[in-house]
Amino acid sequence: MAERMEDVADRSIAANDETKWGPLTTEFWVMAVLEAAILIAAAISDSLNDVRAWALVAGVGAAYILSRGIAKAGTDHSPRGTARRRRT
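Anchor point for the sequence shown: position 3 equals 37 in the working numbering, and the numbering is continuous, going up by one each time.
I should point out that these hints are in silico values taken from the structure, not numbers from a laboratory. Note that the Cβ used here is the ideal one computed from N, Cα and C, for glycine as well. Hints are not guaranteed to be accurate.
Label pairs and their calculated CB-CB ranges [as the list claims (entries may be wrong)]:
| id | residue 1 | residue 2 | range |
| --- | --- | --- | --- |
| 1 | Val64 | Ala89 | 14 to 20 Å |
| 2 | Ala77 | Lys54 | 28 to 34 Å |
| 3 | Asp80 | Ala107 | 20 to 26 Å |
| 4 | Trp88 | Val64 | 26 to 32 Å |
| 5 | Pro57 | Val85 | 24 to 30 Å |
Model the full structure from these sequences, guided by the hints.
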């Protein structure tokens with residue numbers, strides 16, 4: 035019974051090691067706006083050609099993927115309850 039109550043408490047106070055889902059983070063929205071700005075600038079500007087714009091978009095996307103990987107690097111992906119020590 036105490037174990038079950040502890041699981042409910044962990045869920046209600048969000049005491050887990052998982053990170054946020056990608057689209058709920060500010061990094062995702064900054065990346066999306068930045069990529070849109072790069073593509074709009076490439077369409078308007080004469081000095082920013084399409085090859086350079088797509089390279090910048092790919093670089094921004096790669097940086098976002100890398101940042102999400104670093105954010106999730108320390109999370110625990112083992113089955114629920116096996117990696118955590120229970121309080122006694």
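Notebook entry, point to check: Taking the beta carbons of aspartate 80 and alanine 107, is their distance inside 20 to 26 Å?
Noted result: 42 Å, violated
Note to self: Looking only at beta-carbon atoms, does the pair proline 57, valine 85 fall within the given range of 24 to 30 Å?
What the structure shows: Check passed, 29 Å falls within 24 to 30 Å.
Next item on the list: Could you say whether the range 28 to 34 Å given as a hint is met by the Cβ separation of alanine 77 and lysine 54?
Entry: 32 Å, holds
Check: Between valine 64 and alanine 89, does the C-beta distance stay in 14 to 20 Å?
Finding: Once the Cβ atoms are compared, 19 Å apart, the range 14 to 20 Å for alanine 89 and valine 64 holds.
Notebook entry, point to check: That 26 to 32 Å hint for tryptophan 88 and valine 64 (C-beta), does it hold up?
Noted result: 19 Å, violated
When held up to the earlier numbered hints, the structure conflicts with 3, 4 and fits the remainder.
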